[in-house]
Amino acid sequence: MWRYVAKRLVLALPVLVGVSVVVFAAIRLIPGDPAQIMAGQAATQEVVAEIRRSLGLDQPLPVQYLYFLRNAVRGDLGRSLFNGAPVVEELAQRFPRTVRLALASILVASLIGIPAGILAATRRQSWVDTFVMAVALVGVSMPVFWLGLNLILVFSVRLGWLPAFGHDTWRHLVLPSVTLGAASAAVVARMTRSAMLEVLGQDYVRTARAKGLAERLVVNRHALRNALIPVVTILGLQLGTLLSGAVLTETVFAWPGIGRLLVDAVLARDYPIIQGAILLIATTFVLLNVAVDVLYGFLDPRIRYE
Amino acid sequence: MSEAPRPSAIPAPGAVLAASRAARSVSAGALVWRRLRRSRSAVLGLGILLVFALCGLFAPWLAPYDPYASDLENSLKPPSPRHPLGTDELGRDVLSRILYGARLSLVIGTIAVAIGVALGVPVGLTSGYLGGRFDLVVQRGIDVLLAFPSTILAILLVTILGVGLVNVMIAVGIVSVPTYARLVRGQVLSLKEQEFVDAARALGAGNLRIIFRHVLPNTLAVLIVQTTLQVASAILSAAALGFLGLGVQQPTAEWGAMLSTARQYIQLAPHTLLFPGLAIMLTVLGFNLFGDGLRDALDPRLRV
Chain A
0 MWRYVAKRLV LALPVLVGVS VVVFAAIRLI PGDPAQIMAG QAATQEVVAE IRRSLGLDQP
60 LPVQYLYFLR NAVRGDLGRS LFNGAPVVEE LAQRFPRTVR LALASILVAS LIGIPAGILA
120 ATRRQSWVDT FVMAVALVGV SMPVFWLGLN LILVFSVRLG WLPAFGHDTW RHLVLPSVTL
180 GAASAAVVAR MTRSAMLEVL GQDYVRTARA KGLAERLVVN RHALRNALIP VVTILGLQLG
240 TLLSGAVLTE TVFAWPGIGR LLVDAVLARD YPIIQGAILL IATTFVLLNV AVDVLYGFLD
300 PRIRYE
Chain B
0 MSEAPRPSAI PAPGAVLAAS RAARSVSAGA LVWRRLRRSR SAVLGLGILL VFALCGLFAP
60 WLAPYDPYAS DLENSLKPPS PRHPLGTDEL GRDVLSRILY GARLSLVIGT IAVAIGVALG
120 VPVGLTSGYL GGRFDLVVQR GIDVLLAFPS TILAILLVTI LGVGLVNVMI AVGIVSVPTY
180 ARLVRGQVLS LKEQEFVDAA RALGAGNLRI IFRHVLPNTL AVLIVQTTLQ VASAILSAAA
240 LGFLGLGVQQ PTAEWGAMLS TARQYIQLAP HTLLFPGLAI MLTVLGFNLF GDGLRDALDP
300 RLRV
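Just so you know, the sequences run in chain order A and B.
Residue numbers for the first sequence follow numbering that gives the first Met the number 0, so the first one is 0 and each next one is one higher.
Residue numbers for the second sequence follow numbering that gives the first Met the number 0, so the first one is 0 and each next one is one higher.
Don't read these hints as lab results, they were simulated from the structure.
Glycine included, each C-beta is placed from N, C-alpha and C at the ideal position.
Each hint can be trusted.
Chain B is faced by these chain A residues, among others (derived, beta-carbon under 8 Å):
no. : residue
1   : Val18
2   : Leu152
3   : Gly239
4   : Thr240
5   : Val246
6   : Thr250
7   : Val262
8   : Ala281
Please build the complete structure, drawing on both the sequences and the hints.
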């Protein structure tokens, strides 16, 4: 098992290096003098010169990249152009909030998506199936931010049940996590349905039924356990989609996570923050994919030994 | 298509077009069309898309008002006979803006996906067909692009390119490149091992001829389905960028940008929030329904 984990991690390493090259290059592709851009238009000549020196911009590009990589590995991603705070501190403060939101959303997605998918599969081609699949299709077609705004309108503005902003209590987490989890719930429901349909057609399910097991046992013990393998994979991959969606959800609910940080930084041209936030999100995404691979191997031993 | 492969036990996904032509007198297009019409979701999706396409096309004639004409005395008015969908914060007619927005969203979605196809398909074709070291290098590049969640990649690209209509199309288009490259490569890898490719080579066909006459046509079915679904996600991405203030800018009548402003008037004028979002959702739903129906119609495994 550990050899498998190590192998996956080693395979992810070149991708992570690639990610750092892209992020590094992106900031340097912006037209203009990077030091001037980094310093902002209002900066004095001394500040610009200082930034140029500290970033090693007088060095050739590959050398600059190595500096960048060395500093990044040491946990130095520069400072915000606005409040001068180290980027790493800013990220460390924001990231756990996004993780909390993403985990709550995954919970929402599983609690709605898996039962809905089972329901649709076990009542195939009934009105229940049609209804669940129609709702799921609407769910994947709906803009995340629009759903969030509608939930605020109904549950905060009209009914006054839940707060629209803030992040202190579990009550603050309800609307954002439903917003962010809804599209994933739809994807999970579709996946659960098709996985269940496939498993329900297998010989061992027929055997279970033939020996007179209650339908509930057939579904829960024989079918669901096997159908959940692809569903767990989809859930893991959805975590990445959630990182994307978090940018929008956090904007709608003024949730002070990493997505909101990124959007604010882009609007304010705070390049060190943009660089750091994207690097962190992409790294998380890559490692999540590794984790999903490993989990998949854990759930389905056939894959581990290939 | 004259050298179309004979239908084998398990035809390649795209082979249905060619195979059905060889097997029957019915043309492939007619066959697909017949199956599409039987699918309720495809018909519904196509209907929705036609409505929005016509709205976009004839926006100047259909719109009751100039979408940019402000009328501050009548701002944030709820729907009424004069303004069926109400007015926004500057008193502009929401219906007119949504009609013009349809044109914009469909154009953005189509051009963005065209960019994705134009860059991604050749990459996938050459990478899959040539294989070897070239394939290895290209695929590691694709891995890196896929390491960024799609919205994050779009944001990174907009950071480099700047905001605005054209840059949004480019950014959203580039985001879809890895999807196409992977999809086509996968198709090519299985197609190039098929006998009809060997046959063509034995007859002296060169690489280019094989790629364009024998491999590419057989990936079309999968490509068409993917493209339909991809337009849906391109429209969603572009609207998301508009909403974040990183896409098409105010005062352009773009649905995402409209929502970005409407957000501030959520208490005063919820109708300004409702209708642009509904328009995005219906358009995306139309593409998704039609794409799903198209997949069923083109999928040879469902063929009787």
